[in-house]
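Asker: The lines below spell out each chain.
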Amino acid sequence: MTPLLELKGISRFFGGLAALTDVSFEVRKDEILGLIGPNGAGKTTLFNVVNGFYAPSRGEVFFKGERISGLKPHQVCARGLARTFQVVKPLQRMSVLDNVIASAFLRAKSKAQAVQIAGEVLHLTGLYDDREVISKGLPLGKRKRLEIARALATKPELILLDESFAGLNPTEQNESIDIIRKIKEIGITIMIIEHNMKVIMSISDRIIVLNYGQKIAEGSPEETRNNPLVIEAYLGEA
Amino acid sequence: MKKIAPTLIVAAIAVLPLLGLSTYILHVLILTIMWSVIGMAWNLLGGFCGQVSFGHAAFFGVGAYTSGILYNKFGISAWWGMPASIGVVAVFALFIGFITLRLRGPFFALGTLAVGVILRVTAENLPDVTEGNLGIMIRERSWVDKTWYFYIILTLAVLVFLLVKKVVGSRLGYYFVAIREDQDAAESLGINTTYYKTIALCLSAVITGLAGAFYTNYMGYIDPKVVFALHDISIVVIMVVMVGGVATFWGPVVGSAIMVLLAELIRSIPMLGAAHLTFFGVLLIVIIIFLPNGIIGDIPKLKRLLGIRKNL
Chain R
1 MTPLLELKGI SRFFGGLAAL TDVSFEVRKD EILGLIGPNG AGKTTLFNVV NGFYAPSRGE
61 VFFKGERISG LKPHQVCARG LARTFQVVKP LQRMSVLDNV IASAFLRAKS KAQAVQIAGE
121 VLHLTGLYDD REVISKGLPL GKRKRLEIAR ALATKPELIL LDESFAGLNP TEQNESIDII
181 RKIKEIGITI MIIEHNMKVI MSISDRIIVL NYGQKIAEGS PEETRNNPLV IEAYLGEA
Chain H
1 MKKIAPTLIV AAIAVLPLLG LSTYILHVLI LTIMWSVIGM AWNLLGGFCG QVSFGHAAFF
61 GVGAYTSGIL YNKFGISAWW GMPASIGVVA VFALFIGFIT LRLRGPFFAL GTLAVGVILR
121 VTAENLPDVT EGNLGIMIRE RSWVDKTWYF YIILTLAVLV FLLVKKVVGS RLGYYFVAIR
181 EDQDAAESLG INTTYYKTIA LCLSAVITGL AGAFYTNYMG YIDPKVVFAL HDISIVVIMV
241 VMVGGVATFW GPVVGSAIMV LLAELIRSIP MLGAAHLTFF GVLLIVIIIF LPNGIIGDIP
301 KLKRLLGIRK NL
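Sequence lines, in order, name chains R and H.
If you use this note's numbering, the first sequence corresponds to residues 1 to 238, in order.
If you use this note's numbering, the second sequence corresponds to residues 1 to 312, in order.
Treat the hints as calculated values from the structure; they're not laboratory data.
Among these hints, one or two may not hold up.
[As the list claims (entries may be wrong)] Keeping only pairs whose Cα atoms sit at most 20 Å apart, straight-line, the calculated PhoX-like set for lysine-lysine is: (1) H:Lys166 to R:Lys111; (2) H:Lys166 to R:Lys109; (3) R:Lys109 to R:Lys155; (4) R:Lys29 to R:Lys182; (5) R:Lys111 to H:Lys225; (6) R:Lys89 to R:Lys136.
[As the list claims (entries may be wrong)] Incomplete in silico selection of chain H near chain R, CB under 8 Å: (7) Thr23; (8) His27; (9) Leu103; (10) Arg104; (11) Tyr175; (12) Ala178; (13) Glu181; (14) Ala185; (15) Glu187; (16) Ile191.
[Unchecked claim] Among the chain R residues that face chain H by a calculated CB cut under 8 Å, a handful are: (17) Asp22; (18) Phe25; (19) Ser69; (20) Cys77; (21) Phe85; (22) Val87; (23) Leu91; (24) Ser103; (25) Pro139; (26) Arg150.
All C-beta atoms in this analysis are idealised placements derived from N, C-alpha and C, irrespective of residue type, glycine included.
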């Protein structure tokens with residue numbers, strides 16, 4: 001079976017800096033794949049390469065067997081791969097509902113259908129009661145969820161979540177964990193970047209660890225936790 | 001009431017010529033409506049899609065010269081310039097968009113500013129096509145009376161208003177605003193931003209070009225300094241929208257009424273006639289400080305300033 005997403009030998013250079021070096025892995029259908037690593041490890045760069053904001057300097061990305069490296073972000077999204085941003089990018093002067101409608105139009109044939117999709121997604125992410133709020137005025141926790149809602153409205157098969165938990169209080173974190181479980185239940189595969197170890201260990205099926213742009217470990221949460229290379233990357237040499 | 005208000009306003013405007021207004025008042029009305037058309041066009045691109053153009057005179061001028069050249073070189077009625085300008089300006093806008101729409105924010109503004117200036121200089125130096133600085137004169141005027149011109153531009157304005165309303169409420173409108181708010185986010189949500197920005201530019205340019213073609217017919221004379229003017233066209237249209245209200249439906253209409261009246265008023269003051277641009281500048285500063293969303297966009301704030309508090 002072809003994996004849903006496959007990275008083959010991805011490298012990305014910025015001038016002389018290697019942000020990613022020869023990274024290869026795959027995302028299997030219906031799993032939650034956690035992506036962790038210290039600051040500056042190249043996690044967001046990796047998302048930007050997969051999503052089409054950056055072309056890889058070397059290597060190729062395949063989605064459902066089709067080569068997507070070199071496509072533009074909107075083409076990648078149209079193929080069923082959506083993402084959220086670590087630094088949230090709400091469409092500020094639009095209401096929450098309009099934000100989601102704008103992205104629902106990707107699959108909707110009519111405005112009525114777009115409104116319907118948006119309504120479903122807002123219920124799923126628990127933002128329905130805030131639908132009339134101008135998104136500039138949302139607190140950070142809800143803006144993070146709006147990012148997820150917008151990505152979901154494009155009806156993706158794979159969703160890339162970039163630090164959807166950062167800056168949330170424990171209550172909000174629990175709500176977001178529930179939302180991510182619900183997303184998995186409706187058959188969407190998830191790749192998530194997260195610094196919060198409690199969250200990532202509890203929701204991920206598999207974890208990939210990046211350090212200095214290289215993949216240093218891959219495996220179940222249990223294996224990752226006990227991997228000496230990972231401990232060294234986070235805590236330094238003993 | 002809110003639903004029929006636009007119909008009532010249009011009806012009220014439509015009966016104005018029947019009241020036996022003086023030719024001068026009718027002239028001011030025609031200019032106001034023409035400017036509201038250009039304002040609505042600019043607003044589509046600059047207000048809703050967020051691509052601020054400093055070169056709308058380019059599209060106005062190309063529309064105007066389409067009419068003028070058809071009359072001058074081919075000997076057909078300048079009115080054919082209105083349908084013809086749709087095609088000509090659309091092709092021209094596609095070309096300009098291809099170059100300038102890869103620029104973002106202030107760089108796009110500068111790019112369009114250059115386009116306007118380039119066209120003026122080109123028109124001045126191509127006497128075989130444009131008659132250069134002599135300009136083109138339409139010698140046979142269709143009507144001496146202004147009533148028909150009034151109804152033609154009013155019809156155009158109503159059609160453009162309905163079009164803008166339709167576009168903004170549709171998929172296009174949502175995409176335009178999404179691009180304005182965050183181009184990267186829009187792109188990652190599956191919106192082909194280059195494609196939709198090009199649509200916004202073409203729509204905006206074609207409407208502006210239609211107003212230009214009308215201008216040729218109405219004024220009966222065009223020259224490059226007038227129709228490709230940076231300060232009298234490109235900047236004034238931005239002011240019309242800024243004063244009235246960016247990204248609102250009625251903003252350009254209100255803005256054009258204020259700007260045209262103000263220009264006429266200042267012109268009638270002896271010794272100060274040529275200083276209207278100074279007044280426009282001062283007005284712009286006042287608007288930006290006190291009503292950054294324009295008159296229509298800041299209605300709640302205006303009410304508060306005037307002491308008509310609602311529920312505060």
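Asker: Decide, hint by hint, whether the structure agrees.
Answerer: Checked hints:
Proposed proximity of Lys166 (chain H) and Lys111 (chain R) is supported: the alpha carbons are some 12 Å apart, at most 20 Å. Only pairs whose Cα atoms come within 20 Å are accepted, and Lys166 (chain H) paired with Lys109 (chain R) is accepted, the gap being roughly 16 Å. For a cut-off of 20 Å, the pair hint linking Lys109 (chain R) to Lys155 (chain R) stands: about 13 Å separates their Cα positions. In summary, the hint linking Lys29 (chain R) to Lys182 (chain R) is supported, as the alpha carbons are separated by about 16 Å, within the 20 Å threshold.
Pair hint Lys111 (chain R) plus Lys225 (chain H) does not hold up; C-alpha atoms about 45 Å apart against a cutoff of 20 Å. Straight-line distance between C-alpha atoms of Lys89 (chain R) and Lys136 (chain R) comes to about 10 Å, which keeps the hinted pair within the 20 Å bound. With a least beta-carbon distance of about 44 Å to chain R, the hint placing Thr23 (chain H) at the interface is violated under the 8 Å criterion. For His27 (chain H), the interface hint is violated, since its Cβ never comes within 8 Å of a Cβ in chain R; the closest pair sits about 38 Å apart.
Given hint, Leu103 (chain H) at the interface with chain R, is violated; its Cβ is 17 Å from that chain's nearest Cβ, farther than 8 Å. About 15 Å separates the beta-carbon of Arg104 (chain H) from the nearest beta-carbon of chain R, more than 8 Å, and the hint is not met. A least Cβ separation of about 7 Å between Tyr175 (chain H) and chain R falls short of the 8 Å threshold, and the interface hint therefore holds. At a threshold of 8 Å, the smallest CB-CB gap from Ala178 (chain H) to chain R is about 4 Å, leaving the interface hint in force.
For Glu181 (chain H), the shortest C-beta to C-beta distance to chain R is roughly 4 Å, which falls under 8 Å, so the interface hint holds. Residue-level restraint check for Ala185 (chain H) holds (minimum Cβ-Cβ distance to chain R is 4 Å; threshold 8 Å). The restraint placing Glu187 (chain H) at the interface with chain R holds, with a minimum CB-CB distance near 4 Å, inside the 8 Å limit. Using the Cβ-Cβ criterion of 8 Å, the hint placing Ile191 (chain H) at the interface with chain R is satisfied: the shortest such distance is roughly 6 Å.
At about 26 Å, the closest approach between the beta carbon of Asp22 (chain R) and any beta carbon in chain H exceeds 8 Å, and the interface hint on this residue is violated. Because the smallest distance between the Cβ of Phe25 (chain R) and any Cβ of chain H comes to about 22 Å, over 8 Å, the interface hint for this residue is violated. Taking 8 Å as the C-beta cut-off, the interface hint given for Ser69 (chain R) is violated, the closest approach to chain H being about 16 Å. The criterion of a C-beta within 8 Å of any C-beta in chain H is met by Cys77 (chain R), whose closest approach is roughly 4 Å, and the hint holds.
Look at Phe85 (chain R): its Cβ gets to within about 7 Å of chain H, closer than 8 Å, so that hint holds up. Residue-level restraint check for Val87 (chain R) is violated (minimum Cβ-Cβ distance to chain H is 10 Å; threshold 8 Å). The closest approach between the C-beta of Leu91 (chain R) and any C-beta of chain H is roughly 4 Å, which is under the 8 Å cut-off, so the hint is satisfied. Because the beta carbon of Ser103 (chain R) sits about 4 Å from the nearest beta carbon in chain H, less than 8 Å, this interface hint is met.
The beta carbon of Pro139 (chain R) is not positioned within 8 Å of any beta carbon in chain H (closest approach about 19 Å), and the interface hint is therefore violated. With a cut of 8 Å, the hint placing Arg150 (chain R) at the interface with chain H holds, because the nearest CB-to-CB distance is about 6 Å.
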